[in-house]
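> Kindly produce the complete structure, drawing on both the sequences and the hints.
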Amino acid sequence: MIRIVTLAELDPEALAFATKRLYAAFGVGVESAGQARMPADASDGDAFFADRVVTQARVVKSFSDDKVLYFTNAPLALPAGPMGAGPVFGFAQYGGERAVVTSHGLSGMPLAEGLAKRATHHVGHLFDLHHCFDPRCAMYPEWAPAFAQFPDVALCPFCREKSEHKIRLAGS
Amino acid sequence: MPAAGPQGPEILIASGAVHIGDRVVYPNQGICRVRGIEHREIAGRSWEFVTLSREEDGATVMVPREKVAGVGLRRVASDKEIELVFDFLSAPGGDPELDWKVRHRAHGEKMVGGELMGTTEVLKGLHALARLRPLPQKERELYDNARHLLVQEIAAAMSLAPAVAEDNLDYALVPPDGMKRKGRTLIAAQPLRAVPPTLAAIDGEEDLEDAGGTVELPGLEDEEAVIAEPAVEDSSEADQVVAPKKVAAKKKPVAKKTKPAPKSKPKGKAPAQGRSKSSPKAKSKSKVAAKPRAKRK
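Quick note, the sequences are listed as chains A and B, same order.
For the first sequence, position 3 matches number 3 in this note's numbering, and the numbering has no gaps at all.
For the second sequence, position 228 matches number 228 in this note's numbering, and the numbering has no gaps at all.
Check the hints yourself; a few may be wrong.
Result set (SDA-like, lysine to any residue): computed pairs, CA atoms no more than 20 Å apart in a straight line [claimed, not checked]: (1) B/180 with B/148; (2) B/180 with A/80; (3) A/166 with B/66.
Derived contacts from chain B toward chain A, CB cut-off under 10 Å, selection only [said to hold, decoys possible]: (4) 41; (5) 72; (6) 75; (7) 79; (8) 82; (9) 83; (10) 130; (11) 135; (12) 151; (13) 163; (14) 164; (15) 166; (16) 167; (17) 172; (18) 176.
By construction, these hints were calculated from the structure, which means they are not laboratory data.
For glycine and all other residues, C-beta sits at the position ideal for the given N, C-alpha and C.
Following this line, the structure appears as structure tokens:
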């Protein structure tokens, strides 16, 4: 089950679309778990640290193997790595439980499709998926122009099979 | 006999010694933690095993102590080594090896060796190849495995979240606008000009044409030049927007037409070029040529 928590006011139609696309991509139930407040400690002035958001946001009661996805419209940031700071549209605990996605900075894509594709991308990380080189796959790096070029929210056969395998192995 | 220090006994590996509790990298398995030394009686013989626990899932790996130095166990990479990885990934070039036998052998050796740079070379090589044509299933799995090992090691070495490590990996491979590496601005990824071929699993060394399309990616002109045939004689063909391999494939069967089929070939078997990197047209022609011979016999 994927539980969706909103951290800001978002277009209900875009959320409904994202919910449907998540269900289609992973074949697991998706439901809304209400609204929560953005953790103030995660703020860095201009943006919110995405890794802090997922650890500090309201805990949602869930069964083991459930995934919690937070939606926001605020700009996100992450600690700089060896390549420096890059664009951040979300963050997921790889193979873990929680992810956050923002609708901020969507350009070249309609809100509903953009949000759904980003959500699918980060939920994919929760299911152990890595980035994919197929530009039509939702696991393609989100900052690349080709990500917005293919608005269809879908996984390539390899990523789909890998996520299905992971879901089949889930204890619950 | 190794001396027992404050961290337990010394376990000798190829690059020095490790102790219980240290993090090491096991080739093809990823980051492991040395848990201890166990004695087991197997088939009437007493064995001393070094027990490792894979960090990712807690799986136990047991290695006979006398073989530890030879299995490719090494320490987690240092910051300097990680910097070299990113230098290599962000450097231009990296033409893919097009001969699948050479590629298969080289990638296999690098993965079994377990060296950080070897894994990086596999990732970069397959990434470059994936921009030209879809990867066969086995190589797609190898690409994913190499990426996984690299992400885990970068995350462990630099104390980063794996998602951050992977983003940084792709900042080097698919640079966003304005990304710099050591003062040099990297060429940003551009929108695609044509729809790439489908990623349906294709068998072994099938041609790009078999996959139903061509990949035309900006910034790949140099790589395409490498695999292009030396010369295109017909100027009308040169004007067409066709992938270099296609041009080569169109020209090959024409050359074969003038060559009579050797009679000594085994019956029913296509000529040698049938499995080479020629076009499907060439394959079908060789099959047609083989039919009358089969009927005669």
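> Could you work out which of the previously given hints the structure breaks and list their numbers from low to high?
1, 3, 4, 5 and 6
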